[in-house]
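**Student:** Sequences listed follow chains A, B and C, in order. The first sequence maps to residues 1 to 303 in the UniProt record's numbering. The second sequence maps to residues 1 to 482 in the UniProt record's numbering. The third sequence maps to residues 1 to 318 in the UniProt record's numbering.
Since the hints were made in silico from the structure, they are not lab data. Just so it is clear, the structure is predicted and the values come from calculations on it, not from any experiment. Among the clues, some could well be false.
[Stated by the list, open to error] No farther apart than 30 Å at their CA atoms in a straight line, the calculated lysine-lysine pairs in the DSSO-like style are these:
(1) B:Lys-317 with C:Lys-76
(2) B:Lys-413 with B:Lys-331
(3) B:Lys-45 with B:Lys-317
(4) B:Lys-331 with C:Lys-223
(5) C:Lys-223 with A:Lys-64
(6) C:Lys-48 with B:Lys-71
(7) A:Lys-287 with B:Lys-429
(8) B:Lys-429 with B:Lys-439
(9) A:Lys-40 with A:Lys-287
(10) B:Lys-45 with B:Lys-71
(11) B:Lys-45 with A:Lys-287
(12) B:Lys-317 with B:Lys-258
(13) A:Lys-15 with A:Lys-109
(14) B:Lys-452 with C:Lys-303
(15) B:Lys-331 with A:Lys-287
(16) C:Lys-263 with B:Lys-331
(17) A:Lys-107 with A:Lys-40
(18) A:Lys-53 with A:Lys-64
[Claimed, not checked] Label pairs and their computed distance ranges (CB to CB):
(19) C:Lys-303 with A:Gln-94: 57 to 67 Å
(20) C:Ala-164 with B:Glu-428: 39 to 49 Å
(21) C:Asp-282 with B:Gln-382: 51 to 61 Å
(22) A:Asn-139 with C:Ser-41: 32 to 42 Å
(23) A:Ser-149 with C:Ser-15: 28 to 38 Å
(24) B:Asp-481 with A:Lys-24: 33 to 43 Å
(25) C:Lys-223 with A:Glu-93: 38 to 48 Å
(26) A:Asn-147 with B:Lys-429: 16 to 26 Å
(27) C:Ser-15 with A:Pro-209: 52 to 62 Å
(28) B:Gln-382 with A:Pro-209: 52 to 62 Å
(29) A:Lys-287 with B:Gln-385: 19 to 29 Å
All residues carry an ideal CB built from backbone N, CA and C; glycine is no exception.
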Amino acid sequence: MSDKTETVARLSVFKTYKLYVGGKFPRSESGRVYEVSDQKDKWLANAPLASRKDARDAVVAARKAFGAWSGATAYNRGQILYRVAEMLEGRREQFVREVAEAEGLSKSKAAAQVDAAIDRWVWYAGWTDKIAQVVGGGNPVAGPFFNLSSPEPTGVVAVLAPQESSFLGLVSVIAPVIATGNTAIVIASEKSPLPALSLGEVLATSDLPGGVVNVLSGRTAEIAAPLAAHQDVNAIDLTGADETLATELEVAAADNLKRVLRPQPVDNAGWSADPGTGRMTAFLETKTVWHPTGSLGASGSAY
Amino acid sequence: MASASASAFEYAPAPESRSVVDIAPSYGLFIDGEFTEAADGKVFKTVSPSTEEVLSEVAQAGAEDVERAVKAARKAFASWSALPGSERAKYLFRIARIIQERSRELAVLETLDNGKPIKETRDADLPLVAAHFFYYAGWADKLGHAGYGANPRPLGVAGQVIPWNFPLLMLAWKIAPALATGNTVVLKPAETTPLSALFFADICRQAGLPKGVVNILPGYGDAGAALVAHPDVNKVAFTGSTAVGKEIARTVAGTHKKVTLELGGKGANIVFDDAPIDQAVEGIVNGIFFNQGQVCCAGSRLLVQESIEEELLDSLKRRLSTLRLGDPLDKNTDIGAINSAEQLARITSLVDAGQAEGAERWSPACELPSSGYWFAPTLFTQVTQAHRIARDEIFGPVLSVLTFRTPDEAVAKANNTPYGLSAGIWTEKGSRILAVANKLRAGVIWSNTFNKFDPTSPFGGYKESGFGREGGRHGLEAYLDV
Amino acid sequence: MPTAPTAHALTDVTSSDSSLRRFLHGLPGVDAVGLEARAASLGTRSIKTTAKAYAIDLAISMVDLTTLEGADTPGKVRALGAKAVHPDPTDRTTPATAAVCVYPDMVPAAKEAVAGSTVKVASVATAFPAGRAALDVKLADVRDAVSAGADEIDMVIDRGAFLAGHYLKVHDEITAVKEACGGSARLKVIFETGELSTYDNIRRASWLGMLAGADFIKTSTGKVAVNATPANTLLMLEAVRDFRAQTGVQVGVKPAGGIRTSKDAIKFLVLVNETVGEDWLDNHWFRFGASSLLNDLLMQRQKLATGRYSGPDYVTVD
Chain A
1 MSDKTETVAR
11 LSVFKTYKLY
21 VGGKFPRSES
31 GRVYEVSDQK
41 DKWLANAPLA
51 SRKDARDAVV
61 AARKAFGAWS
71 GATAYNRGQI
81 LYRVAEMLEG
91 RREQFVREVA
101 EAEGLSKSKA
111 AAQVDAAIDR
121 WVWYAGWTDK
131 IAQVVGGGNP
141 VAGPFFNLSS
151 PEPTGVVAVL
161 APQESSFLGL
171 VSVIAPVIAT
181 GNTAIVIASE
191 KSPLPALSLG
201 EVLATSDLPG
211 GVVNVLSGRT
221 AEIAAPLAAH
231 QDVNAIDLTG
241 ADETLATELE
251 VAAADNLKRV
261 LRPQPVDNAG
271 WSADPGTGRM
281 TAFLETKTVW
291 HPTGSLGASG
301 SAY
Chain B
1 MASASASAFE
11 YAPAPESRSV
21 VDIAPSYGLF
31 IDGEFTEAAD
41 GKVFKTVSPS
51 TEEVLSEVAQ
61 AGAEDVERAV
71 KAARKAFASW
81 SALPGSERAK
91 YLFRIARIIQ
101 ERSRELAVLE
111 TLDNGKPIKE
121 TRDADLPLVA
131 AHFFYYAGWA
141 DKLGHAGYGA
151 NPRPLGVAGQ
161 VIPWNFPLLM
171 LAWKIAPALA
181 TGNTVVLKPA
191 ETTPLSALFF
201 ADICRQAGLP
211 KGVVNILPGY
221 GDAGAALVAH
231 PDVNKVAFTG
241 STAVGKEIAR
251 TVAGTHKKVT
261 LELGGKGANI
271 VFDDAPIDQA
281 VEGIVNGIFF
291 NQGQVCCAGS
301 RLLVQESIEE
311 ELLDSLKRRL
321 STLRLGDPLD
331 KNTDIGAINS
341 AEQLARITSL
351 VDAGQAEGAE
361 RWSPACELPS
371 SGYWFAPTLF
381 TQVTQAHRIA
391 RDEIFGPVLS
401 VLTFRTPDEA
411 VAKANNTPYG
421 LSAGIWTEKG
431 SRILAVANKL
441 RAGVIWSNTF
451 NKFDPTSPFG
461 GYKESGFGRE
471 GGRHGLEAYL
481 DV
Chain C
1 MPTAPTAHAL
11 TDVTSSDSSL
21 RRFLHGLPGV
31 DAVGLEARAA
41 SLGTRSIKTT
51 AKAYAIDLAI
61 SMVDLTTLEG
71 ADTPGKVRAL
81 GAKAVHPDPT
91 DRTTPATAAV
101 CVYPDMVPAA
111 KEAVAGSTVK
121 VASVATAFPA
131 GRAALDVKLA
141 DVRDAVSAGA
151 DEIDMVIDRG
161 AFLAGHYLKV
171 HDEITAVKEA
181 CGGSARLKVI
191 FETGELSTYD
201 NIRRASWLGM
211 LAGADFIKTS
221 TGKVAVNATP
231 ANTLLMLEAV
241 RDFRAQTGVQ
251 VGVKPAGGIR
261 TSKDAIKFLV
271 LVNETVGEDW
281 LDNHWFRFGA
291 SSLLNDLLMQ
301 RQKLATGRYS
311 GPDYVTVD
């Protein structure tokens, strides 16, 4: 048989990119999208244009998730973060493509970014049950008291993901926030939100409870403003804000004394450096417990 | 015991399937990534302590094999220690995951080879083993944060000798921190329980671990002694008896070898009159009957405040009558077999001494299986500090009950031993817990609980219970040049 | 079994509010982690084959088949009664349940439905489930149910009074209700453990209830977020065990609410077996307050008999 049937190129199926809020994938409450293009202005997809109300819903979801996530054992959180790395490894090719398109990188450079991002999940997976051992500890107070300081997550953290590094940078700001038990509302890179929206799909299948990470796409300034002012948000990471916006948001955040992580100079150095512990400790509280120890008896030891 | 009484609600046998694990008729030594026969061709048999059935025939390492294994480990050390920590971490995470995946198989294997109940291997040993690898995996790329300087270095080749009471867990306690810090390993499992370590070798293979990083040498004390004495071993880690620990300390004298020893114990479980009684009873039972009492940190001395002695002993005896002794593979078994005929003989002789010295012996009605090594849960009252059963480590399901009147006296009696591994304190009064804990000379103090283990928590003894800590951030120090 | 509560050794402790408080607060404390660990550990018992068959039939015989809805009608209660008498119409070897449990106004319908069988009629009373009514009203509620023929009364304690530390008030109320039961009806005292909140409180309430003459102590109404749990039931079993050791009086235990599967029910029976033993393995001394549990037990029973998994179409919906 040598039929000369014309081979028709198969028409691919486009993906509808959606927000990730409370473990579900809603479209924006606004019903609107915006065009996402690659570095050469070629259209890639439409991304949801999240509104203030999406931000509000995300805070509700993050708050709801906080109790169980912060109450989970550090070991359990570590297992789940490691699971994220496992799931990402399996979807490596997809992310390499998305990162290459988003950031205009060669395939090999994009692959290096994705590999580093996977390893970053592994790095933070290992921190969940160690950070308390590094930043907490017993204090030798001058008196008959047991005195122990332990770190605790601060609560719901709004995260402005870096604008340039759409994936490695994104992972580098999300993972340290949730590793210690906080829950997060992440505003994806405005220009390159697709890797962040795809990450939501990975998180949803990594045993991470819904609401621990919530991903919004849209105009960073528009979404960040209500989050910075929100009375039920405990902290804000301003990495993805320019200088003017960062200042505005920090002022708004002062209203309920949110913990603020200002944009760091290192942020645009490619995110390849050893992350250290700073991004975790920025969103930790230290709790110190006193308890009397006393002596064995009222009249000293007879032995 | 429940199995012997005519209770209306008699549990039918609920055996875990033995077929989940394939045991080969013979095993070699694991050296440089390969299974190999012993240089002198020697083998030994490993038996199931609950039935005396031969499980497999295992190559028996000798001095020449130690030489080969240390050489392989030395060769592997250069590239293993040069790997970025994040890469070493990923190997250890792989191992942890494979252990989780194969934990049912490993639990059955461990129960067969050791004699401990499947309930324990399934719910305690295996989860702790996987968790230990997870925990130290995470340290591999964070050593600069551990408080030992910016760039602490590994020591080299670690020679590790482990006991038979928690074969795979002790392997994890030894291998996980050693590999995380960049050392390579030659490990000798106990002669009565070599199988899970040999299965672990297969896990290393599945994980793609470079050859020579982990070497396993089943064998007897002579192989252990040769390993400890080997000049190219930089680090010695031993868990076992205090007598052997002292021998090792003598062997390494005058060398540059770093040593950690985790030895015997005679833990005091102190129960005050304001204790949560029902939970204290559970804690006492768990403290001395977990793993048939073959636990170095067992709460083998019960120190009970005189005012509640009678009430507590009544409750304790009632509770002991519900323990189920028998087939370790039955999911409802609480008390399994003693690990070996030798250990059973040791327990028996100490118990006989206890009776001869005048202590009062009690056991619940209890039928022992006809084959295998068994010892009924046993409680001694009227025990004094002078009795051998109050001083010697029995390493069996035997509890010595002593009394005290005041916290001072409790602390004095608890500390009145050459050992210092563990202790328990039962009281609802927080300040008493802390005051007593402050005075106890023991490395691990459990309050209102007992026999709790966690990879994040350092474990190890005072005095003749050994030195060095395993577990936690502290456990890294033993494998770093600090 | 001696049942006259006044005959026991602890009469003195109820002589005043302060002596009662001293006694209850002098009970040994409960360590929550240890209690829950023990309950969970017993929950890993593996009950197979003959033991499972025994346990399922025992559990069926211990069910207080319950309907406590505003929408209850005599028709609904009649259906429930028929189910209690013959839980599995296709298999007459299936034991009857212990009782049906209904609101007081449904007692006549329930009595009629179970007439001639071993099934008892239990009625909740005392302004169930909140218990927020004057004592007169509560007693009238009880007398109403008893005169309509209730064999058992499930009363709720005044949790507000308990939490405020008015133990004697709670005690006296139970005593009054017991008297209103008139010697014919057995009294189950519901603590609503989910509202008492702490295990120390549950132990105190257990002793309080037993001192006041409860025939049964019962965890919950089934109307709050946390109902029967293995841990709170274990704690109550320890209390009845210790109470009998001190007084010679045996008291029953009834976990209620939230027990929906055979697996759960069997875990509770293991708790009974290994905490208080066979003296309580009888529906005179242990009950399950449940509704959907029964059908799951029946499906499991069918599975054991046939080797096939059963489905909801093969048990009756009532």
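**Student:** Which hints, by number, does the structure contradict?
**Tutor:** 1, 2, 3, 4, 6, 9, 11, 12, 14, 15, 19, 20, 21, 23, 24, 25 and 29
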